[in-house]
Amino acid sequence: MTDSPSTVVLCGASGYIGGYLRSYYEDRGIGVRTVGRGSSSDAPWSDHRGLVEVLNGSDLVVNLAGRSVSCRYNKANADAIMSSRIQTTAQLGRALAQAQNPPALWVNASTGTIYRDARDRSMSERDGELGSGFSVEVARSWERELFDADVSIRRVALRLSIVLGAGGGAINPIIDLARVGLGGRMGDGGQMFSWVHVDDVARTLDHLYATSDIAGPVNVATPFPVTNEVLMHQVRSALGRDHGVATPAWLLKLGARVIRTEPELVLKSRWVEPQVLTDSGFDFRYPTLEGALADIASRTRPGLLPVALG
Numbered sequence: 001m002t003d004s005p006s007t008v009v010l011c012g013a014s015g016y017i018g019g020y021l022r023s024y025y026e027d028r029g030i031g032v033r034t035v036g037r038g039s040s041s042d043a044p045w046s047d048h049r050g051l052v053e054v055l056n057g058s059d060l061v062v063n064l065a066g067r068s069v070s071c072r073y074n075k076a077n078a079d080a081i082m083s084s085r086i087q088t089t090a091q092l093g094r095a096l097a098q099a100q101n102p103p104a105l106w107v108n109a110s111t112g113t114i115y116r117d118a119r120d121r122s123m124s125e126r127d128g129e130l131g132s133g134f135s136v137e138v139a140r141s142w143e144r145e146l147f148d149a150d151v152s153i154r155r156v157a158l159r160l161s162i163v164l165g166a167g168g169g170a171i172n173p174i175i176d177l178a179r180v181g182l183g184g185r186m187g188d189g190g191q192m193f194s195w196v197h198v199d200d201v202a203r204t205l206d207h208l209y210a211t212s213d214i215a216g217p218v219n220v221a222t223p224f225p226v227t228n229e230v231l232m233h234q235v236r237s238a239l240g241r242d243h244g245v246a247t248p249a250w251l252l253k254l255g256a257r258v259i260r261t262e263p264e265l266v267l268k269s270r271w272v273e274p275q276v277l278t279d280s281g282f283d284f285r286y287p288t289l290e291g292a293l294a295d296i297a298s299r300t301r302p303g304l305l306p307v308a309l310g
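For what it's worth, my numbering labels the leading residue of the sequence shown as 1, then goes sequentially.
Simulated from the structure, these hints should not be mistaken for lab results.
From the three backbone atoms N, C-alpha and C, an ideal C-beta is built for every residue, glycine too.
Mixed in with the good hints, there may be bad ones.
[Claimed, not checked] Computed cross-link-like contacts, DMTMM-like style, restricted to lysine to aspartate or glutamate with a CA-CA straight-line distance of at most 20 Å: (1) Lys268 / Glu125; (2) Lys253 / Glu264; (3) Lys75 / Glu264; (4) Lys268 / Asp120; (5) Lys253 / Glu229; (6) Lys253 / Glu129; (7) Lys253 / Asp117; (8) Lys268 / Glu145; (9) Lys75 / Asp127; (10) Lys268 / Glu129; (11) Lys268 / Asp59; (12) Lys75 / Glu262; (13) Lys268 / Glu229; (14) Lys253 / Asp213; (15) Lys268 / Glu137.
[Claimed, not checked] Pair by pair, the computed Cβ-Cβ distance ranges are: (16) Leu130 / Asn101: 30 to 40 Å; (17) Ala97 / Ser68: 24 to 34 Å; (18) Gly133 / Arg28: 17 to 27 Å; (19) Gly255 / Asp150: 21 to 31 Å; (20) Ile30 / Arg144: 27 to 37 Å; (21) Val180 / Ile153: 47 to 57 Å; (22) Ser83 / Gly291: 35 to 45 Å.
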């Protein structure tokens with residue numbers, strides 16, 4: 001196996017991260033095949049035989065498929081969030097089991113929110129404590145489906161933190177609040193905010209492919225998380241806003257109902273440590289939030305600062 005793949009299969013390439021990865025690979029002359037629900041995909045999820053054919057002869061498969069979590073967790077949405085992840089991962093496992101020439105590496109998305117609310121210490125892959133609640137159960141079920149698949153392929157669960165980059169926007173409401181003067185701390189502001197630049201997500205995949213002894217869960221987050229208070233201060237600075245009114249937790253919970261999302265997206269303390277990446281020599285291009293926001297601002301129209309949730 002070479003250090004770089006020749007052909008990558010992207011499942012769920014219609015989202016922000018998937019779209020970025022597609023351009024990232026194509027710009028480097030790497031072949032990209034896609035799996036999705038739309039007719040523009042090389043294979044739809046409904047076509048098992050086509051899925052097997054797309055996987056055959058590829059070097060790397062990256063599965064990002066799953067319904068957005070930016071919604072209220074009512075029964076219908078919760079069922080869709082869970083089933084969209086479990087079913088596609090199970091379908092992928094069955095197809096890989098039948099592929100005569102499968103890829104060397106299967107990377108499946110997961111989430112850093114699998115860990116408990118943490119303010120006392122960071123959560124690494126080796127000593128992190130898993131949390132409880134719906135989001136954690138989704139992540140645990142998602143990873144279980146990946147690692148229980150009956151395939152002889154190296155597998156990695158990509159525990160993504162919040163992904164920042166120009167052009168995406170699952171937590172754009174935070175940016176919108178800062179634009180209208182409400183960019184102060186959220187809650188008490190002490191909750192940790194683990195994040196990663198989208199370019200470092202792509203580079204992480206390169207690193208995982210080239211480092212054949214890495215398998216299992218991998219945290220994808222910069223080594224330098226910040227508190228919510230620092231986050232909001234730096235977002236305001238990037239937007240040229242000097243001040244921002246703080247938003248108490250009770251108002252965030254009320255507002256979350258109005259905009260049909262969950263308050264845990266901003267109130268849960270995510271302190272994720274990328275121990276596997278750092279121990280294996282990965283070098284983050286954007287280790288600090290200030291540098292990441294500066295890069296995003298340089299690629300975006302003045303006054304806009306999109307952010308995406310991975």
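Open item on the list: Tell me if the straight-line CA distance from Lys253 to Glu264 falls inside 20 Å.
Closed with: Roughly 9 Å separates the two Cα atoms, so the pair holds.
Task: Given hint Glu229 paired with Lys253 - CA-CA distance at most 20 Å - done: 18 Å, holds
Open item on the list: For the hint 47 to 57 Å, verify it against the beta carbon of Val180 and that of Ile153.
Closed with: Between Val180 and Ile153, where Cβ atoms are some 48 Å apart, the hint holds.
Open item on the list: Tell me if the straight-line CA distance from Lys75 to Glu264 falls inside 20 Å.
Closed with: 17 Å, holds
Task: Given pair status - Asp127, Lys75, alpha carbons within 20 Å - done: Violated. Lys75 to Asp127 sits at ~32 Å, over the 20 Å cutoff.
Open item on the list: Hint check: Lys253 vs Asp117, CA-CA at most 20 Å. Holds or violated?
Closed with: 17 Å, holds
- [ ] Compare the distance between the alpha carbons of Lys268 and Glu137 with 20 Å, and conclude whether the hinted pair is satisfied.
- [x] Distance of about 15 Å is within 20 Å: holds.
Open item on the list: For the hint 24 to 34 Å, verify it against the beta carbon of Ala97 and that of Ser68.
Closed with: 29 Å, holds
Task: Pairwise beta carbon distance, Ser83 to Gly291, judged against the given window 35 to 45 Å - done: Holds - the Cβ-Cβ distance for Ser83 and Gly291, about 38 Å, lies within 35 to 45 Å.
Open item on the list: Within 17 to 27 Å: is that where the Cβ-Cβ distance between Gly133 and Arg28 falls?
Closed with: With a Cβ separation near 39 Å, Gly133 and Arg28 fall outside 17 to 27 Å, so the hint is violated.
Open item on the list: Checking one constraint from the list: CA of Lys268 to CA of Glu129, max 20 Å. Satisfied?
Closed with: Distance of about 15 Å is within 20 Å: holds.
- [ ] Decide if the proposed pair is consistent with the structure: Lys268 and Glu125, CA atoms, cutoff 20 Å inclusive.
- [x] 19 Å, holds
In this structure, the hints that do not hold are numbers 6, 8, 9, 11, 14, 18 and 19, in rising order.
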